[in-house]
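Respectively, the protein sequence lines represent chains A and B.
With this note's numbering, letter number 11 in the first sequence gets 876, and the count goes up by one each step, no holes.
With this note's numbering, letter number 247 in the second sequence gets 284, and the count goes up by one each step, no holes.
Please note: incorrect hints may appear among the correct ones.
To be verified - Okay, derived cross-link-like pairs now, DSS-like style, lysine-lysine, Cα gap no bigger than 27 Å in a straight line: (1) B:K110 to B:K205; (2) A:K1015 to B:K261; (3) A:K977 to A:K928; (4) B:K110 to B:K141; (5) B:K200 to A:K867; (6) A:K961 to B:K279; (7) B:K132 to B:K169; (8) A:K987 to A:K1015; (9) A:K987 to B:K110; (10) B:K356 to A:K869; (11) A:K869 to B:K169; (12) A:K987 to B:K143; (13) B:K342 to A:K1015; (14) A:K1009 to B:K340; (15) A:K974 to A:K944; (16) A:K977 to A:K961; (17) B:K356 to A:K1009; (18) B:K346 to A:K1015; (19) B:K205 to A:K1006; (20) B:K261 to B:K141; (21) A:K961 to A:K928; (22) B:K356 to B:K342; (23) B:K205 to B:K187.
In short, the hints are calculated from the structure, not lab data.
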Amino acid sequence: MKKKYKYIILPPENFHTTMSDLIIDNVIMIYRIIDILNNFTNCKSEYLIKYRSYEQLAMYPSKNNVEVGYGELLDYCQKDSIVIGYPGSAMIECLKNNVRFFSFNDFEKKSKNPNINTLLTKAIYIAKNEEELLDNILNNKIFKPGYSVKDLLYSDGMSLCEMVSYILNNQKSIK
Amino acid sequence: MDIFTVDRENFYQLDSILAGEDLASYDIEIENIVNGIWNGVGEHESVISPLFVTFLSGHLLRSLYINYLSLTKLINKHKTVKLDASTLVVDIIAKHLQLELSPKRKNLDVEFNLIVPHYSLRWGGANTSTLKNIVRSVRYYFSEKIAKYKGIDVIFMNAGKLKDDFYKIPNSFDCRYMPINFSSKRINWRIDDIKDVVIDNINNIDTSIPREMIVELIEESVFKYLPDILNRISTLVDFIEKNKVKLVISSGATDDVFISLLAAAKITGVRSLVVPHGVVSMHNKKLNNYCDYQGVLNNFELKYKGVEKIPFRMSWFEKKV
């Protein structure tokens, strides 16, 4: 059984997606998030930096509690955990399980790459800097007005098996 | 003026010298290169068009531009810039700028997503030992025999998180580790002609950094993998036709091995479905009007044009804390 943490930081998963998406800005953001958490707690053992890979660890090194692994985030969470990271699959996993997830990602910088999906900003408060992140955490701002966790996944979606059956049986289009 | 040594640690922060600069015009230039790279490559242009788009746009070209601009600024500040750490991209720049490249420099290609070994592996797997690949090949051999005996309606590639979902599809077969058949004669790709056109396309674009670096990067990365990716498409085409496959499913839209499956479906006229294996942050707009169906998790996912959308429920998100 893995140790549970009150706070978990997920470092950025991508960089150089646009010319202004610089690694140095991501590094600074991580340090500032750690500063924010240090103001919440004086005990370093209360927070974990969870990396997806050793390459990510090399890019954002830390002397705090670190774990490296893929797809194991919930194993480190308890009901009152707070997770801070890019808005991705981990965000949905956490929010579906009532684990508070505060997103950060400077989508303004990334909008210059037409292949980056920024649509989640409609529904989720996504901090572009530490001030916005701190405000979101202190005021528990996760979903924008009118949105909830129910909007993150279709409740009436088909399973993959049902989709295959639908396609192979060539049912009426639902486009 | 002094000697600045780029080592493994400060390599990650090489781009700090560009902080605060307005670099948006370079983004437009990069997208121009990517959008036109396959123009006029011949009869297979529409099939090839989504290949290497994400690799070029999201990794290679921006790395080239950012590191070139960073290093040109650094050499204005320091008498000598010495590289004890580098990537294939920075090696190209260093040669052009005549920087000192240490023969024992640390290579950071993996950290910067600049190489994709699984593109060229015969068995399609990455980061595995020879022994694992032998085990995988034996397992693949028997799983293919069994699947063919039962009959195959659906072939798929699973990028992760969908193992439970794919497992439930009857008469389906995981073709991720299908070995590339280099002797397939089904398609004459004319690879050398394609390469010539790509180089011509780059030579016809106005670039604000030296064009020869872009050409060298394309040769060392895209052209390195292109024959294997095209042969993989041929292999999949052969398999689809021989086994009368009815549907292909890819859970990746940015990885070129996964796109090769969609390409094979396009060539054979078999229906294709692309599904996410989680929240999709990167889109491949060259897949507009390319596949037939798209599974989508929510209203915040970018949808491909000309593709039928199907609301998708993946079992991964049913996990409880």
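Checked hints:
1. B:K110 to B:K205: At roughly 56 Å apart (the allowed maximum being 27 Å), K205 of chain B and K110 of chain B break the hint.
2. A:K1015 to B:K261: violated, 45 Å
3. A:K977 to A:K928: Roughly 34 Å separates the two Cα atoms, so the pair is violated.
4. B:K110 to B:K141: holds, 24 Å
5. B:K200 to A:K867: holds, 24 Å
6. A:K961 to B:K279: Given that 27 Å is the threshold and the Cα spacing comes to 44 Å, the pair is violated.
7. B:K132 to B:K169: Not OK: K132 of chain B and K169 of chain B at ~38 Å, beyond 27 Å, violated.
8. A:K987 to A:K1015: Judged against 27 Å, a Cα distance of about 14 Å means the pair holds.
9. A:K987 to B:K110: At roughly 38 Å apart (the allowed maximum being 27 Å), K110 of chain B and K987 of chain A break the hint.
10. B:K356 to A:K869: Measuring from Cα to Cα gives roughly 17 Å; hence the hint holds.
11. A:K869 to B:K169: Violated - the C-alpha atoms of K169 of chain B and K869 of chain A are around 33 Å apart, more than 27 Å.
12. A:K987 to B:K143: violated, 42 Å
13. B:K342 to A:K1015: The hint holds at about 26 Å.
14. A:K1009 to B:K340: holds, 22 Å
15. A:K974 to A:K944: The given pair, whose Cα atoms are some 33 Å apart, is violated under the 27 Å limit.
16. A:K977 to A:K961: Violated: K977 of chain A and K961 of chain A sit about 31 Å apart, past 27 Å.
17. B:K356 to A:K1009: With Cα atoms ~25 Å apart, K356 of chain B and K1009 of chain A stay inside 27 Å; holds.
18. B:K346 to A:K1015: Roughly 19 Å between the alpha carbons, so the hint for K346 of chain B and K1015 of chain A holds.
19. B:K205 to A:K1006: It is violated: about 39 Å lies between the C-alpha atoms, which goes past 27 Å.
20. B:K261 to B:K141: Since the Cα atoms of K261 of chain B and K141 of chain B sit roughly 24 Å apart, the hinted pair holds (cutoff 27 Å).
21. A:K961 to A:K928: With a Cα-Cα distance of about 31 Å, the restraint between K961 of chain A and K928 of chain A is violated, given a limit of 27 Å.
22. B:K356 to B:K342: violated, 32 Å
23. B:K205 to B:K187: Status holds; Cα separation ~15 Å.
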